[in-house]
Amino acid sequence: MRISNADIEKPKFAINNESKKIYITANEGNFLDKNKILLNKNVRFKSNDFSIETEKVIFNRSEQTAQSKTKTYFKAENTTILSDGFDIFDKGNKIVFYGNSFVILK
Amino acid sequence: MNILFLILITFFLSIPSEAREIGETEITTEDGIEVYQDEKYYLLKKNVVIESDNLILKAENVKINFKNNLHDIIELNAKGNVKFNSIEFRINGIGENLRFEVESEKITIKGIASELQTEDIEMYSDGLIEVNNLNGEFSLKGKNSKLINENILIIGESIDGSFSNNKDGKEITFLNVIDEKISYVKNNGSEMFANNIKYKNETSMIELIDNVTIIRDGEKVTGDYGTLDTKNNSYKIKSNNQTKVKVIIQNNE
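Chains A and B, in that order, are what the protein sequence lines are. Residues 1 to 106 in our numbering are what the first sequence spells out, letter by letter. Residues 1 to 253 in our numbering are what the second sequence spells out, letter by letter.
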């Protein structure tokens with residue numbers, strides 16, 4: 001029998017932007033405080049325009065921000081970005097990819 | 001375990017799994033990327049390398065404006081030690097800043113020791129070099145501005161002109177060179193100095209205005225205004241009332 005330390009199994013959240021909505025899913029989630037949740041394993045951000053995959057993300061529910069320091073894979077139409085982590089803020093308008101980054105434009 | 005083996009494993013694991021294929025553009029940065037989706041631009045930070053089938057560009061930082069998606073580039077601004085080379089289009093350049101506007105095919109290079117070289121022409125400036133590939137217009141501004149091709153050497157603080165393509169390469173169809181100290185044009189064995197030198201291909205006339213000197217075949221002529229007909233290689237020089245045209249026959253023996 002598998003025992004999970006997660007506070008939430010298969011958590012789902014969303015960042016609401018005026019122009020689009022970004023859905024966030026993961027296998028596990030742990031509350032760090034009232035607003036911050038550590039999302040673990042197979043963390044995925046998905047909007048109509050792009051998707052981001054990584055392993056660990058701290059999501060702030062009240063500020064609608066997300067931060068990751070694990071390897072990140074971004075995919076949009078004809079665009080792929082690999083980086084060492086990312087930040088999403090300004091309701092998903094601004095995405096900062098950290099560290100050595102690698103982009104392929106098709 | 002063999003340390004070298006460990007190092008090699010670490011190295012290969014750190015290489016991104018996706019590599020550029022034909023027709024794709026690959027970008028690498030050392031300090032990440034900032035994407036502004038509403039404003040439609042992204043910043044590539046630190047030691048940026050952009051490589052495609054036709055172009056390699058290196059710079060400290062690059063800002064890219066896009067239309068709808070990140071790959072849909074409309075303008076590129078590169079800053080800091082910019083170097084680029086296009087083998088297909090036979091063009092390369094260096095400078096402090098570079099701006100490339102995709103739709104208008106306009107390239108602007110700024111900064112000390114800027115250079116732009118094509119198959120036919122070399123341009124140098126410590127200020128600005130601007131070339132519009134669609135309409136052939138070019139502009140060089142600032143100290144040490146210089147344009148060289150097979151037949152002509154132009155030096156001046158402000159050089160404006162336009163090219164047209166003919167079967168032998170690019171041909172200058174219009175030229176306006178201004179320098180408060182002195183502008184210089186060397187063409188077909190004639191050396192011309194003036195504060196302002198103009199040329200129009202349709203009239204085949206080079207016009208020299210203020211502090212004019214023409215040196216040709218060992219003869220040096222000075223005055224205040226001159227014209228040189230490039231068709232028959234003849235020239236006229238006038239002077240203001242107070243001064244006279246001065247001719248010096250040089251002994252080259």
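Do not take every clue at face value.
[As the list claims (entries may be wrong)] Partial selection, computed: residues in chain A whose CB lies under 7 Å from chain B:
#1 5
#2 6
#3 12
#4 77
#5 79
#6 89
#7 93
#8 94
#9 95
#10 99
#11 101
#12 102
#13 103
#14 105
In short, the hints are calculated from the structure, not lab data. For glycine and all other residues, C-beta sits at the position ideal for the given N, C-alpha and C.
**OP:** Hints the structure violates: just list their numbers, smallest first.
**Re:** Those not satisfied are hints 1, 2, 3 and 6.
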